[in-house]
Amino acid sequence: MQHHWSVLCQSSAIDIDSNLLSLYDCLEEVNVNTQAKPGATINLPINFEVVSFISDNQTKGNRKINLKVQLFDPKGKQINEFGGELFFKEGSKRLRSRLKIQGLTLSESGVYNMHLNFEGVEDVDFKADCDLPLEVNISYKIL
Amino acid sequence: MKNVWSIICEKSSIDSKTNLLSLFNCVEEIKLEIDKDKMPKTEKLVIPVNFQLISLWAIEETEKESILEIKVEIIDPKGKILNEFLNTLKSKKGDKRLRSITNIQGMQITENGRYCYRISQKKGKQFEIASEIYIDVNLLYKKLGK
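Chains as they are written, first to last, in our numbering: chain A, 1 to 143; chain B, 144 to 289.
Keep in mind that the hints were calculated from the coordinates and are not lab data.
Just to be clear, a hint being listed does not mean it is correct.
To be verified - Some chain B residues judged to face chain A by a derived CB distance under 8 Å, without partners named:
1) 147
2) 149
3) 150
4) 160
5) 163
6) 166
7) 194
8) 199
To be verified - Derived pair list, reagent style DSSO-like, types lysine-lysine, alpha-carbon separation capped at 30 Å:
9) 100/A x 207/B
10) 141/A x 239/B
11) 89/A x 221/B
12) 141/A x 236/B
13) 100/A x 236/B
14) 207/B x 160/B
15) 236/B x 89/A
16) 239/B x 93/A
To be verified - The following label-pair restraints were derived from C-beta to C-beta distances:
17) 36/A x 160/B: 21 to 31 Å
18) 35/A x 226/B: 51 to 61 Å
19) 90/A x 162/B: 39 to 49 Å
20) 38/A x 249/B: 47 to 57 Å
21) 41/A x 230/B: 14 to 24 Å
22) 109/A x 253/B: 47 to 57 Å
23) 44/A x 285/B: 38 to 48 Å
24) 47/A x 160/B: 41 to 51 Å
For glycine and all other residues, C-beta sits at the position ideal for the given N, C-alpha and C.
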């Protein structure tokens, strides 16, 4: 089993005819203009997706993988955690995961890090890690 | 520089207002029906497909300009290198990220199986693997008539 890529994007779609995946608006940087006080927590109403692609050399059996996503602030403090279970169906040797996340909690400007951890469940011997950086620039509006 | 991700897709677009990148039709598998009678007698077959190999790199040293030398190798299911090309990318002082977009015209194939696009970056005098992307190729040989 091998993890090929994971991408942070605003949305994704799988074409019904060709089964091809498209990733829309890959997120690298977020600029926020807020009226909040510097240092205050900002809940940004943004929807995004963590899309991952994993493949396997064999196609036998249903194979389960746990995905844990941890969001770290620029100081390295964990501010959120998401997760889910991914399944390779019998006969399938490729897996796409589309984890939808609503809202983003921010406290300061800097590079936030989304750490992804994939781990096989039961007989599945698979471990992979991946880091997706997200630069956040917060400008404080003084009224 | 650190490779964040590399993806092969049919085409991409960068929004002029938001500078956000979108990747259309990520390629994982190619299924092709070939007329057995019209098969070329050469070892390699070139599929007329156009791809883009897109990578996102995170720049670690942002205080100065940096140069990224990358090598892309196309490897067949038996591990034979079919093609390779080099590319040099430059980042400006203050840049934190770099996108590289390489257009690939045509895909050389030798047999059915998993083809690898290996992206290596130069560190010191040697190239180190940064990312590997795979495309599964399924060729169906058929007699498509006269």
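Comparing the hints with the structure gives:
1. Annotation: interface hint on residue 147/B holds; nearest CB of chain A at approximately 6 Å, less than 8 Å.
2. About 7 Å separates the beta-carbon of residue 149/B from the nearest beta-carbon of chain A, less than 8 Å, and the hint is met.
3. Of the supplied interface hints, the one on residue 150/B holds, with its beta-carbon coming within about 6 Å of a beta-carbon of chain A, less than 8 Å.
4. Hint status for residue 160/B relative to chain A: violated, with the closest Cβ pair at about 11 Å, above 8 Å.
5. With its C-beta approaching chain A no nearer than about 4 Å, residue 163/B sits inside the 8 Å limit, and its interface hint holds.
6. The beta carbon of residue 166/B comes within 4 Å of a beta carbon in chain A, closer than 8 Å, and the hint placing it at the interface holds.
7. Given hint, residue 194/B at the interface with chain A, is violated; its Cβ is 12 Å from that chain's nearest Cβ, farther than 8 Å.
8. Contact between residue 199/B and chain A, as hinted, is supported at the beta carbon level, the nearest pair being about 7 Å apart and thus within 8 Å.
9. Taking the CA atoms of residue 100/A and residue 207/B, the gap is about 36 Å. The hint is violated against a cut of 30 Å.
10. Simply put, residue 141/A and residue 239/B have alpha-carbon atoms about 25 Å apart, close enough for the 30 Å limit, and the pair holds.
11. At most 30 Å may separate the alpha-carbon atoms for a hinted pair to count; residue 89/A and residue 221/B meet this at roughly 27 Å.
12. Of the supplied pair hints, the one linking residue 141/A and residue 236/B holds, its CA atoms being roughly 28 Å apart against a limit of 30 Å.
13. For the suggested pair residue 100/A and residue 236/B, the alpha carbons sit about 34 Å apart, so the restraint of at most 30 Å is broken.
14. This hinted pair checks out: residue 207/B and residue 160/B have alpha carbons roughly 27 Å apart, not beyond 30 Å.
15. Restraint check: the Cα-Cα separation between residue 236/B and residue 89/A comes to about 47 Å, which exceeds 30 Å; the hinted pair is violated.
16. This hinted pair does not check out: residue 239/B and residue 93/A have alpha carbons roughly 35 Å apart, beyond 30 Å.
17. About 25 Å separates the C-beta atoms of residue 36/A and residue 160/B, a value consistent with the hinted range of 21 to 31 Å.
18. The hint said 51 to 61 Å for the Cβ distance between residue 35/A and residue 226/B, and at roughly 55 Å that hint holds.
19. Distance hint check for residue 90/A and residue 162/B: the Cβ-Cβ separation is about 42 Å, which falls inside the suggested range of 39 to 49 Å.
20. Look at residue 38/A against residue 249/B: about 54 Å separates their beta carbons, and that is inside 47 to 57 Å.
21. The hint said 14 to 24 Å for the Cβ distance between residue 41/A and residue 230/B, and at roughly 42 Å that hint is violated.
22. Between residue 109/A and residue 253/B the beta carbon distance is about 51 Å. The supplied range of 47 to 57 Å therefore holds.
23. At roughly 53 Å, the beta carbons of residue 44/A and residue 285/B sit outside the given window of 38 to 48 Å.
24. About 19 Å separates the C-beta atoms of residue 47/A and residue 160/B, a value inconsistent with the hinted range of 41 to 51 Å.
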